[in-house]
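This is what each chain is made of:
Number of protein chains: 2
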Amino acid sequence: MPRADKIWTAGLIVIGDEILSGRTQDANTAYLAKWLNVEGIVLAGVEIVPDEMGRIAAAVNRARDAYDYVFTTGGIGPTHDDITVDAVADALGRPVVVHPEARDMLQRYYGDALNEARLRMARVPEGAELMPNPVSGAPGIKVDGTMFLMAGVPKITQGMLAGLSGQLEGGRPVVDRTIGAWTGETAVADALLRVEREKPGVQIGSYPFWRDGRVGCNFVIRARDEAVLADAAQRLSRALREAGAEPINGGI
Amino acid sequence: MPRADKIWTAGLIVIGDEILSGRTQDANTAYLAKWLNVEGIVLAGVEIVPDEMGRIAAAVNRARDAYDYVFTTGGIGPTHDDITVDAVADALGRPVVVHPEARDMLQRYYGDALNEARLRMARVPEGAELMPNPVSGAPGIKVDGTMFLMAGVPKITQGMLAGLSGQLEGGRPVVDRTIGAWTGETAVADALLRVEREKPGVQIGSYPFWRDGRVGCNFVIRARDEAVLADAAQRLSRALREAGAEPINGGI
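First to last, the sequence lines map onto chains A and B.
Mind the numbering: the first sequence is residues 1 to 252 in UniProt numbering, read in order.
Mind the numbering: the second sequence is residues 1 to 252 in UniProt numbering, read in order.
You may find that some hints are simply not true.
[Stated by the list, open to error] Non-contacting residues of chain B with respect to chain A, defined by C-beta distances greater than 10 angstroms in every case (computed): (1) ARG23; (2) GLY45; (3) ARG64; (4) GLY93; (5) ALA162; (6) LEU168; (7) ILE248.
[Unchecked claim] For each label pair, taking beta carbons as the anchor points, the in silico distance ranges come out as: (8) A:GLU52 <-> B:GLN234: 20 to 30 angstroms; (9) A:GLU126 <-> B:VAL135: 45 to 55 angstroms; (10) B:ASP231 <-> A:ARG214: 47 to 57 angstroms; (11) B:GLN107 <-> A:ILE7: 52 to 62 angstroms; (12) A:GLU126 <-> B:ARG197: 26 to 36 angstroms; (13) A:ASP225 <-> B:GLY137: 38 to 48 angstroms; (14) B:LEU114 <-> A:GLY213: 18 to 28 angstroms; (15) B:TYR109 <-> A:VAL96: 51 to 61 angstroms; (16) A:ALA230 <-> B:ASP212: 42 to 52 angstroms.
[Unchecked claim] Rough simulated footprint, nothing fancy, chain B against chain A, three-plus residues with beta-carbon under 8 angstroms: (17) 69-83; (18) 87-94; (19) 228-239.
Hints are computed from structural coordinates only; laboratory data are not their basis.
Predicted, not measured: the structure shown is a model, and the values here were computed from it.
Cβ coordinates follow ideal geometry from the N, Cα and C atoms, glycine included.
Excised from the complex, chain A in its bound form:
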């Protein structure tokens, strides 16, 4: 039974020089954020750190202190720069051990070709479990039921999250609605603030865009209750019209 009053939070640590060099565009943050939202958990912070033991361990410990859940992406493969398991074990003050079930899986998959590099993928922080992955088969690593070490490759990350769906304690999912209007932000800033003050617990974000030489804005209203959301949307629509903004159906 979810406790409706508690806001459950998660932090994400994105591990990888390829993101910080600009070579790869991180896609896991947005995906995890939406997945968490369905589970009733708020993604409350993200750190992107290089493939360095000390940096990863520090970020892990900061996130453990700050959030209910900690997710990591990247650095759990077989190569020398895959050091997430070691860094997390270090942060937790635990040894790294070979997980027997993971070793069996690798043994079945590789047979005689199971080498030392491949065996690296069976290493976990002591006490950890595997996260089943119904999509690609490659498991992630779950520690203490609150930390989740996942792959960096989005397709595999998404499989690991699919296997975790419905298993975490969370609160009420956030519901949102987008209202678009042809207007600059500056013309309606007061209206946004007024509606937000009238409706405690409701957040309104404004995201400008330019199209066909005109300026428009999408206003995203977020709440934890459908009725509250609907009322806030109605108030905002009215306030926008009063401020002279021309509505666009459903936003852009």
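With the hints as your guide, set chain B onto chain A.
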């Protein structure tokens, strides 16, 4: 004259609930990373934080302690959730003031329609300068020559960076080369490690992909010297062939 021995670093703070909710995919990290690389500066860490004063200020102070330069994106517009200027001023222990040049720009642009919300965009931490933006005209905010507060909308962020090109002290740009091969990571992990050990200062990242039912891998070699890079690339190609990997010209 760049000091070739010093590695110049930057941190980025991405500010915005829209990124953490998964609604918007951050595009500024990858762009800034590549821009910094040309300037001879390494993007060494990124934090994504919500639109909260305390969280932004804490991230700013962490980044100031850790890196040579600090960049922020988001939260410098006219609406109530645009609090980056206030949070940075708070982190620096300085008041927020109206920048006379910015006020003049807004006055010319809006004329009689200059309202309180629009005037918010002329507010800066005391002592700050404007960052000219040759692309869209909207200036960013430069503090002490080391902190750069930029817009969240990528087109505008990129304009602000264009205006800053060539103005920061940096070291040697990182050069890189990608070698692709049809092979799994696990088959060549030892080869990668060996080449990295043979060539101090060279980093090799491996990024697997799946195509047409085959597994391949791109190996990205990074160095600060063309000759060192070329030698490392040659060694890696040889090591990959010895490990039985089938080369793909120029990577995928």
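Now for the hints, and whether the structure bears them out:
1. For ARG23 (chain B), the shortest C-beta to C-beta distance to chain A comes to about 6 angstroms, within the 10 angstroms cut-off, and the non-interface label is violated.
2. Residue placement check: GLY45 (chain B) does not keep its beta carbon more than 10 angstroms from all beta carbons of chain A (closest about 6 angstroms).
3. Against chain A, the non-interface label of ARG64 (chain B) holds: every CB pair exceeds 10 angstroms, the least being about 16 angstroms.
4. Every C-beta of chain A lies more than 10 angstroms from that of GLY93 (chain B), the closest at about 23 angstroms, which supports listing it as non-interface.
5. Once the 10 angstroms rule is applied to beta carbons, ALA162 (chain B) is consistent with being away from chain A; the minimum gap is 16 angstroms.
6. Its beta-carbon lying about 17 angstroms from the closest one in chain A, LEU168 (chain B) satisfies the requirement of being farther than 10 angstroms from that chain.
7. Interface exclusion of ILE248 (chain B) from chain A stands, the closest Cβ pair being 17 angstroms apart, more than 10 angstroms.
8. Checked against the hint of 20 to 30 angstroms, the C-beta distance between GLU52 (chain A) and GLN234 (chain B) comes to roughly 27 angstroms, which is consistent with it.
9. Checked against the hint of 45 to 55 angstroms, the C-beta distance between GLU126 (chain A) and VAL135 (chain B) comes to roughly 53 angstroms, which is consistent with it.
10. Between ASP231 (chain B) and ARG214 (chain A) the beta carbons are some 55 angstroms apart, a value that agrees with the proposed interval 47 to 57 angstroms.
11. Take GLN107 (chain B) and ILE7 (chain A): their Cβ atoms lie about 42 angstroms apart, and the range 52 to 62 angstroms is violated.
12. Taken as a hint, the range 26 to 36 angstroms holds for the pair GLU126 (chain A) and ARG197 (chain B), whose Cβ atoms sit roughly 29 angstroms apart.
13. Take ASP225 (chain A) and GLY137 (chain B): their Cβ atoms lie about 42 angstroms apart, and the range 38 to 48 angstroms holds.
14. In this structure, LEU114 (chain B) and GLY213 (chain A) meet the distance hint of 18 to 28 angstroms, their C-beta atoms being roughly 22 angstroms apart.
15. Checked against the hint of 51 to 61 angstroms, the pair TYR109 (chain B) and VAL96 (chain A) passes, with Cβ atoms roughly 59 angstroms apart.
16. Roughly 49 angstroms separates the CB atoms of ALA230 (chain A) and ASP212 (chain B), a value that falls within the hinted 42 to 52 angstroms.
17. Given a C-beta distance limit of less than 8 angstroms, the hint that chain B covers the region 69-83 of chain A holds, as 5 residues qualify and 3 suffice.
18. Residues of the region 87-94 of chain A lying with their CB closer than 8 angstroms to a CB of chain B number 0, which falls below the three-residue condition for coverage.
19. Judged by the Cβ-Cβ criterion of 8 angstroms, the region 228-239 of chain A is not covered by chain B as claimed, because only 0 of its residues qualify and three are needed.
In this structure, the hints that do not hold are numbers 1, 2, 11, 18, 19, in rising order.
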